[in-house]
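There are 2 protein chains.
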Amino acid sequence: MGISTKQTGIPFTKVKVTDKFWAPKMETNRLKTIPANEKQCRETGRLDCFKPEYKGERHYFWDSDVAKWIEAGCYSLAVKYDKKLEKTLEDVISDIIAMQQEDGYMNNYFIYVKPEMRWKNLRDCHELYCAGHLIEAAVAHFYATGRRNFLDAMCRYADLICKTFGPGKGQIPGYPGHQEIELALVKLYHATGEKRYLDMACYFIDQRGQQPHYYDKEAIERGDDPKKFWAKTYEYMQAHQPVREQKDAVGHSVRALYMYSGMADCAKETGDKELEAACKRLWESVCERQMYITGGIGPSLSNEGFVKDYMLPVENISSESCASVAAIFFCQRMLYLTGESKYADAMERIMYNSGLSGVSLDGEKFFYSNQLYTYDPEADKKGEKQPASGKHYQWDGAALHRQGWYGCSCCPPNIARFIASLPGYIYGTSENTLWVNLFVGSETEFEVNGIKVKAQTKTKYPWNGKVTITFKPEKECEFTVKLRMPQWCESSSLKVKSKFKDNTVVGDEDGYLTVTRKWRKGDHIIYTMDMPVQRVYATTKVRELEGRVAIQRGPVVYCLETVDNCTNNLEKLALPRKYNLRAVMNKTLLGGVVTIIGKVEVNNDGAEEEGLYQNRPPNVGIRQFKAVPYYAWDNRAPGSVIVWIREK
Amino acid sequence: MGISTKQTGIPFTKVKVTDKFWAPKMETNRLKTIPANEKQCRETGRLDCFKPEYKGERHYFWDSDVAKWIEAGCYSLAVKYDKKLEKTLEDVISDIIAMQQEDGYMNNYFIYVKPEMRWKNLRDCHELYCAGHLIEAAVAHFYATGRRNFLDAMCRYADLICKTFGPGKGQIPGYPGHQEIELALVKLYHATGEKRYLDMACYFIDQRGQQPHYYDKEAIERGDDPKKFWAKTYEYMQAHQPVREQKDAVGHSVRALYMYSGMADCAKETGDKELEAACKRLWESVCERQMYITGGIGPSLSNEGFVKDYMLPVENISSESCASVAAIFFCQRMLYLTGESKYADAMERIMYNSGLSGVSLDGEKFFYSNQLYTYDPEADKKGEKQPASGKHYQWDGAALHRQGWYGCSCCPPNIARFIASLPGYIYGTSENTLWVNLFVGSETEFEVNGIKVKAQTKTKYPWNGKVTITFKPEKECEFTVKLRMPQWCESSSLKVKSKFKDNTVVGDEDGYLTVTRKWRKGDHIIYTMDMPVQRVYATTKVRELEGRVAIQRGPVVYCLETVDNCTNNLEKLALPRKYNLRAVMNKTLLGGVVTIIGKVEVNNDGAEEEGLYQNRPPNVGIRQFKAVPYYAWDNRAPGSVIVWIREK
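In the order they appear, the protein sequences are chains A and B. According to the working numbering, the stretch in the first sequence is residues 91 to 738, in order. According to the working numbering, the stretch in the second sequence is residues 91 to 738, in order.
Extracted from the complex, chain A is given alone in its bound form (with noise of 0.2 Å):
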């Protein structure tokens, strides 16, 4: 078997992001979103926490939010040079560097804090999900500044895993309680070539749930019982069954969503036709049965994860900014293994949705969790009282609104690192073919039987479906131009201009339009695909939105809030279907967006309220509404939140 693959994405780094959506969302990342990070990493010791001398508080998993800061200012750096934040991130790597113990182990809180319990408890303690996120930054800091000091670190300590891990006499046959080295020993691969790192990826792989199970045998020697682990079942972590056996999504979603990112790796680095079509099952279970209308995944707060399959509570859910971000990396790589546009589709729906709600417009506060209906009790403290106890209902205002920071802070840094790494996403490559996989303003080069070729891509995307790209090859050449054909757009048009006559076939594979033929400089495809107010309706297998409507139009899902919609119980309106939904661009607001308006009925609009149950329905109001970008919700007054609508 060798490498299976369809489509080799443009790196990041080829790519220049020049729209007004990105392009300023990016420049906020860079400018306050990492800097935000960077501070609240400091204030919280985990800055400070690499060095011997620090006296405060450690964590075992504080490595990762640091290692995730340093990869997203390291993308954030190749993109634009900026010289104090790449003092700061050399200094932070000194000290991580500096850390590494003599055999190359390298984590805060087992150097330490606990170095007696160093590989003791896999399952529970993240050492290996540290060392996939410093592995992940090292691998972007080489990258983006080429220097090897922090890669050759973390060799160092990649080959201490390799040594530690595995079948053989003395090994250990264990792996991660929580999923993320492996795409990382793949990533680590690639910017080495030593196979290694790849094999350890794939044998945590196949190691996982294998019997007699490694969790209950590592358990057992340190003393506790396996069965009173506390999250009651493996399914948490997906180590229930080997993973070629997985058939559906289960467990906490971030972990469940770095693991199939690191399969598909694998199953791309080796062709192992096994593991793709595992990859391909868990896809569907994931994104056809288990996405909220967002690209949020994981209702469950008791595991953060994956609940059944058609269950999409709305409330008081998990929907981890985590989790978005880690099911981005997994589409992405399902598209580059199959070539089929419904990877780019789910991958788009996160990124314009969930992937971007997870920070503020201003770029420093963060949700963890993304709902999809909140009821704000700040703006009705009548009556309010909080839950005796538990988290029956999550009314502690993190779920409510965006914060600085967590304790737990992963989603932060996770969301820095999506956006500054955002221009990867949009082209791929394979022979004599661009693929344009995202519609977004930006430039890039790539190359043709040797020959350059540039492409500059033209458009008001997400809030206007004209896209027009434009090649200017060194010298003429022919190749295709693949076009996603959103699952979203029902209609679309093609042209080709060209100052010459030459013979363009156009055809479609795989969700894709296929534009073929011998383009010459200044010849522009002009793609223009219709984006129409959709009602959206999820099947009536999911209980929860029976009779709700959500609005979307291109791949940008709407909400109602109580700032522009006069109420505080947004469960009082109901969208008549019989009226119409009208697109306005709205410059001033959010940063620029459409906003959706229309007519909304609304239940005892101003009218005396009566007893608590009464024979008369209530009366209804018919008001003006207006909808704005999900991904832009609670940057203003606060309040409520709605995104799937009562119908009538």
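Because the hints were derived from the structure by calculation, they are not lab data. Relax, there's no trap hidden among the hints.
Same chains, same label: a pair holds when it works inside one copy or across any pair of copies.
Here are the simulated DSSO-like cross-link-like pairs (lysine-lysine), alpha carbons at most 27 Å apart as the crow flies:
id: 1; residue 1: Lys631; residue 2: Lys738
id: 2; residue 1: Lys170; residue 2: Lys455
id: 3; residue 1: Lys608; residue 2: Lys589
id: 4; residue 1: Lys668; residue 2: Lys689
id: 5; residue 1: Lys738; residue 2: Lys668
id: 6; residue 1: Lys716; residue 2: Lys738
Mind docking chain B on chain A? Use the hints.
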């Protein structure tokens, strides 16, 4: 201050229920429910644990389960003598009495397992709660059999409690962590005339929540940190502030309602208007802002209790059967205290709905929680998975279908004692007045100025609103009959039939029709309450119920079940307002019930399923639906249930 009361109940021993609704339920209770409780108590060790030689598990609240079963048994005995039941009861009562310590103390757990912990943890350990239930059982035994042995034993225990607790030197200034003894001591006062028991009840009530907080002191004495209280707040047991200052119903609902009942008892016995005002406030909080349409209370599973005003979710709720029973107690006391019909309205709401749904029609299975919506996974195995951990989704079966018993099995014997004592809720008297609080076919006798009057009620209530009450006074005499005008009833008619043309004065007062005349043998009232099918709406303050409608006819709330309506996903159904609803008696269904039928819209009725999200609304079919009384749900093929249906 003296006794303050508007009405005195006619006790259950003086009322014979003869109708086709309650009489068969009381017989099922006697023949099935009480024996089922006995069997479960016996099999779990609850009956044997009073004996010193018993070697099995014991629990500090088991005494209460047995006591409630005894109480139910005694009520039942009083209504219909049953030799076998009497023998069983006497044997267990003997064992209980034999357990009594020299100083009067009684509790199987603290006698045999942890004697050193007696009275050391009032907050958590239910000693006074168990004492209360044993007292109630002993009083019931005394009334039912005339025997004083159990009563005397409980007086000795109550005397010990009076000696132990109080403000005096060497006394414990504490009060129960689970209220119950307060109302029991008032019963003991009534049975014995010993005012010290009333005083003790009043002490417990007024000492509650005083500063410095007794539970803090007690915890410190035990060596515990009061701040580490598992329930986090003394609101849980309504001890967060003195009861007279409490404005909102908070915390564990059974604790709350037992306490409010005890408060109403003390207010009545002492004429304390401040305490009465507190009772009224708390009743309004419970019944006018936090009560389900079924009469259930306490939505939250995390505290088995209250959350906040107008917070009435329908799924994964607590709405504990015990809380319904306790709320019946409180409503009855408020009715007697004030003479206002709203208290009886709420009592009736509970009795015909959540108070009865707790037990299966065959009398042998019980709900702990009474859901208003379920989606039964058993009936939809495809894609079914249990959540990884926690109780975010309560799909453990317990919430979905009745069970024979529970680990914490407070509810089954509580339902049994309620049904056995039902005759005691129908009538009340005051000077020259008979109050008809409930409409139940029955016979009773009361006195007017020394003249005995027999009254016979004939009715097919709750299926028909016609009630005929015939009087047979020993000799003609003038009195007032007060007929409740139920809150659900919008029009009614009244006829007085007599061979004699005595003047009849009809008026109304506090929600009762008053009918005053000179009554002679055979005179009768025909009171006809129009009973159309009603669509009921919740106030828009209940955000969960926007756009939803419930069906009610008379006091009976209806539900739709899968078994009658062809789908597990009852959210697929929507009730268009334009279609009529029709009541149809079905004598063979569920023991004979009026069903409601009509037309309903069904989303995606028989259509091919599409993907998770789509731009087309589901196709809609029109079908006939059938609704059955809520209390009778889950007595046929397992499936889902819905009370609040989407309305169109």
